[in-house]
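A.B. asks: Work from the hints to combine the two standalone chains into their complex.
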Amino acid sequence: MASDADDFVIGVHGLVTRFGAQTIHDGIDLAVRRGEVLGIVGGSGTGKSVLLRTIIGLQRPAAGSVEVLGRDILRVDDAERRELDQRFGVLFQDGALFSSLSVAQNIEVPLREHFPVPEPLMAEIAATKIAIVGLPDDAGPKFPAQLSGGMRKRAGLARALALDPEIVFLDEPTSGLDPIAAAEFDRLIGDLKASLGLTVVMATHDLDSLFAICDRVAVLVDKKLRVGTLAQHLRDPHPWIQAYFHGPRGRAALASEQLPPAADPASAARLDPAVSS
Amino acid sequence: MPPSATFLASADSEALVFRAEGDWLLATAAELDRRLRALDLPNGRQVTLDLAGIGRLDTAGAWLLKRTDKELAARGNAVALANVRANLAPLLDQVWTHGAGTPLPHPVPAHHCLSGFVARIGEVTLRLMRRVYSMIGFGGRVAVTFAELLRHPRRLRLPALIGQMEQAGVDAMPIVGLLSFLIGIVFAYQGADQLRRFGAEIYTVNLLGIAILRELGVLLTAIIIAGRSGSAFTAQIGTMQVNEEIDALRTLGLDPVEVLVVPRVLGLALTLPLLVIYADFMGLLGGCLMSWASLGILIPTFLDQLRSAIGEWTFWVGVIKAPFFAVIIGLVGCYEGFNVARSADSVGRLTTQSVVEAIFIVICADAAFSILFTLLRI
Numbered sequence: 001m002a003s004d005a006d007d008f009v010i011g012v013h014g015l016v017t018r019f020g021a022q023t024i025h026d027g028i029d030l031a032v033r034r035g036e037v038l039g040i041v042g043g044s045g046t047g048k049s050v051l052l053r054t055i056i057g058l059q060r061p062a063a064g065s066v067e068v069l070g071r072d073i074l075r076v077d078d079a080e081r082r083e084l085d086q087r088f089g090v091l092f093q094d095g096a097l098f099s100s101l102s103v104a105q106n107i108e109v110p111l112r113e114h115f116p117v118p119e120p121l122m123a124e125i126a127a128t129k130i131a132i133v134g135l136p137d138d139a140g141p142k143f144p145a146q147l148s149g150g151m152r153k154r155a156g157l158a159r160a161l162a163l164d165p166e167i168v169f170l171d172e173p174t175s176g177l178d179p180i181a182a183a184e185f186d187r188l189i190g191d192l193k194a195s196l197g198l199t200v201v202m203a204t205h206d207l208d209s210l211f212a213i214c215d216r217v218a219v220l221v222d223k224k225l226r227v228g229t230l231a232q233h234l235r236d237p238h239p240w241i242q243a244y245f246h247g248p249r250g251r252a253a254l255a256s257e258q259l260p261p262a263a264d265p266a267s268a269a270r271l272d273p274a275v276s277s
Numbered sequence: 001m002p003p004s005a006t007f008l009a010s011a012d013s014e015a016l017v018f019r020a021e022g023d024w025l026l027a028t029a030a031e032l033d034r035r036l037r038a039l040d041l042p043n044g045r046q047v048t049l050d051l052a053g054i055g056r057l058d059t060a061g062a063w064l065l066k067r068t069d070k071e072l073a074a075r076g077n078a079v080a081l082a083n084v085r086a087n088l089a090p091l092l093d094q095v096w097t098h099g100a101g102t103p104l105p106h107p108v109p110a111h112h113c114l115s116g117f118v119a120r121i122g123e124v125t126l127r128l129m130r131r132v133y134s135m136i137g138f139g140g141r142v143a144v145t146f147a148e149l150l151r152h153p154r155r156l157r158l159p160a161l162i163g164q165m166e167q168a169g170v171d172a173m174p175i176v177g178l179l180s181f182l183i184g185i186v187f188a189y190q191g192a193d194q195l196r197r198f199g200a201e202i203y204t205v206n207l208l209g210i211a212i213l214r215e216l217g218v219l220l221t222a223i224i225i226a227g228r229s230g231s232a233f234t235a236q237i238g239t240m241q242v243n244e245e246i247d248a249l250r251t252l253g254l255d256p257v258e259v260l261v262v263p264r265v266l267g268l269a270l271t272l273p274l275l276v277i278y279a280d281f282m283g284l285l286g287g288c289l290m291s292w293a294s295l296g297i298l299i300p301t302f303l304d305q306l307r308s309a310i311g312e313w314t315f316w317v318g319v320i321k322a323p324f325f326a327v328i329i330g331l332v333g334c335y336e337g338f339n340v341a342r343s344a345d346s347v348g349r350l351t352t353q354s355v356v357e358a359i360f361i362v363i364c365a366d367a368a369f370s371i372l373f374t375l376l377r378i
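Chain order of the listed sequences is A and B.
With the working numbering applied, the first sequence covers 1 to 277.
With the working numbering applied, the second sequence covers 1 to 378.
Pulled out of the complex, with its shape left as it was, chain B reads as follows (with noise of 0.2 Å):
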């Protein structure tokens, strides 16, 4: 048998005759499936499908005969099948009664063209729109679930809120601390630098602690976290998600907010605080050391300084918006694990949303304290 397959058209008086002939298999479709569409049907005539010549055949051949055989009956001939061997029979039976299956065409996204575009921006908008929605909701919920357990505070699960505390601030410890660290040592060298210039080196001090103290040692740790634990969170209730867990408390009288919701909100608000005073001391740390080491800036005077330069409100204006941002991660955190739907791909694309919004959020709330503490002048 000859390894392709090839396609004779003979015209013999009324009848055509179609020879179909060699291996009808998926590894000759391409070379068939050109040629059968190079060909010139005829038109309402009488034509036999002449299978003599074939040797084996697999379902895309069988289909590459079942889709000639409909074009030819599209255009009014009348088809028969001739010579079919008894032991192609079955498959070519399977294919005619099933393989009329006409593939549909996948849904092409619509923003392809200018009201394609305009229509995708409304559809963003108002997805965008209900979400924040919903999620004020979820926040409701798991304030009004909060509520009820500090009237009932025994329904409190202390192992699961201790565990949270000790998976989001102690495990976190290593992390937060090096590049507070780094970042005190950074700061201190890049205002060294500057400051120099003015013979005004020892204001790095005050650069250092307001900067720290204030904003990046809250900042910094917030951004962690949100990448550490509220990554952890979403991506934890979605596999529950996934596995009917979640449905599965529910049926056992168990309130997943109650369960799983707030002892994270709750860990991370207690947490939160203690790290952000941890990452403040790193971070002065490292600025202290590079003060010392580059501008010659000894521990107890870089301290007297500090000392000056700081309000008393310096550094609660840091520590006071942990809790906040804590909230913000686990809320943004657990929203987004409960949004996953039953498969593995969402619990992805829904762990990175919630890091990215979460670390959004925080940044957004971050200008708004500013903003409160300038009207409050502290």
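Just chain A, same shape as in the assembly (with noise of 0.2 Å):
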């Protein structure tokens, strides 16, 4: 493998994205590279969603180019865009579990359709994804109705990971879990990005995931994006981004994360240029 740092499997370009005359997106240019978490934070409606949606091919923009992993994906045929499914998963936002099938049976359709191996194999693999993404074994037969939502969101996951993919993007994969499910969830996340080799794009609201598992950081404002890393978005005086990171929320999750355990607001201030000027 070349070098980390300019080996790039996402690459956005001047995207546009209007809904009638509601311009939503106006010139994006986003560059993820491989292995590396990002995360996509904005205000609600700004578009992190509609983002994901367009660098996987499900929304056409209106102006700008997307290239994943090489290949420009407003421009595949068939059979490349087949090859490029298989190299990346997605985890929607309510897991998007197909729900007239069980657990086992969602994880083997993306193996079934790409890859038929014998049932009993599958049925192995199947249980394999489940026990990595931290669910119980009996989840297997159960059906999504039957799970909670912490529990969606895993098989959600085990699907993505279904083919073993080279990037996952993930739809707001902490929002509706309980603080500890989210810090597991995060755990498992920074976990399989290990094992897994994945790069992560995933759209969040939650600072904790950000602060915890993001390499860097991109955020929607103005509808454009910047892009870069926590410490450079600390400093950044865009007052969206200076309420965002530097709300008590933000301020809460920053000292958890870098912060001795008895940090005292005077020292959280310190590290914060814009509070205490």
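Hints are not guaranteed to be accurate.
Lysine-lysine pairs mimicking BS3-like chemistry, simulated, CA-CA at most 30 Å apart [unchecked claim]:
hint	chain 1	residue 1	chain 2	residue 2
1	A	142	A	193
2	A	224	A	193
3	A	223	B	70
4	A	142	B	70
These aren't lab readings, by the way, just hints derived from the structure by calculation.
C.D. replies: What follows is the structure, given as structure tokens:
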């Protein structure tokens, strides 16, 4: 593998998205490196999910180009698209599990479609995925309606990982989870990234996830994308970004990540040039 | 690196060495699986899994290694991994700690043998009885709510009621009218064809009048409305159930039966008789035109004959059934809607079920009405 720094797996250039007269994205550029975890944040309605859907190819932009794993996603033919589908996985917001199939069958859907292996092995692979995402063994025969929200997300992740993709897209993976489950989910994604060499692109509202597992963060403000490390964003003077990262929740997440356990507000403020000035 | 994977067992004094080579990937898993299963595994030996030759590895490949390890260990072998490259270690670690996952069998439906078949009949019967019981309960609840609304008529939701009447009634007029008209034509044609042999063409009018007014008009309309409105009720209430809207209503202190069921059932009960009258008219119109076209019966003659054919009750026998059918369709539609579990799948299943059930009960009720009217000599 070449040097990690310039091995880009996703490239977005000059992306413009419009719904009717409303412009959602106005010239977005984004490059995602292999093996990194990129968080996409932004206020409600700024088009985080739309951006994800555009990169995946579910939504056509008004202008711009999207390149995933070296292919122009807007111009791939069916065969290339099929090949590409095997190389990335998507976790939709509420799992989007097929409700008429059990969890194990859900995971087997992409296997059956792309790599039909013998039935017993298929069941074993599904069981392995179920175990890897931290679901109990007996989750396999259960139907999505019988699972809790957190388990549905894990099952959705297992299906997204069914073909051992190079990239996974996560749409608000920790929303609706309790803090413990959310932290576990963060840890799970971190583990999987390490063991499977995944590149992760996630839209999220969860500041704890951002601080815990994201290598870089892309912020959607003013219809543009500002990409950088957390440290860079913390210094960004843009009022929305300031409010986002330095609001009470942002400071709490920051404190729990970077400070010794008994952090007092004064030391948090020292870390935070905008507040202390 | 060779594109496929190979697997060598070399006996080296006491210890056995398994060499895994090539790419252990999902794409090669089927082939690997076949080879691994064909292998004659040793018992109680010292075995080393040598991974030096492995190229690429994914979860499926790691699982196959883990499975081999497990199977060897189960035969009393002492298994050790050797030559694990650093970049493979995290994945192997992951699968080794978590990958003991055993697939659990899906519950197999038990009605494949005779005893299963009998058990299934019993199961279905019991389920049916429970359904009938709870459906009657639901009808009772709606009746109680309705009685309360009669005492406090202001709580009746007039806009909702009128909206339902428009959707179930006015919007259904084109399809009900067209189908009744066509049935009138078909009936007149078939009747004329048979009765002509006896020179009794004029009795086509009697046949038409009695069949359409007593039975066909109301039954046809009820079936169309069961398909149109009954299914819509189930789908609407079912979707609200999936979105937790019904629970939201409850927590806001609103009674879902009062808000959702009463306007629908009442709206249908008020509009179905009107639709039946309209269907009767369209059916007779179709029959009248067909009689004129194929038998040369002029319209005044048709009307005279019709007047002499039908008794004073003929028309009412049809129309009087309409509100009962409407209540059946409305209640079944709403009841099934409330039965929806929290999945899109169940909305579809119960919608189908509600239409089939409504039509079934409507036809049963029609038969009961026939017996009743016979006893009353109407």
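A.B. asks: For each hint given before, does the structure comply? Return the numbers of the non-compliant ones in rising order.
C.D. replies: 3
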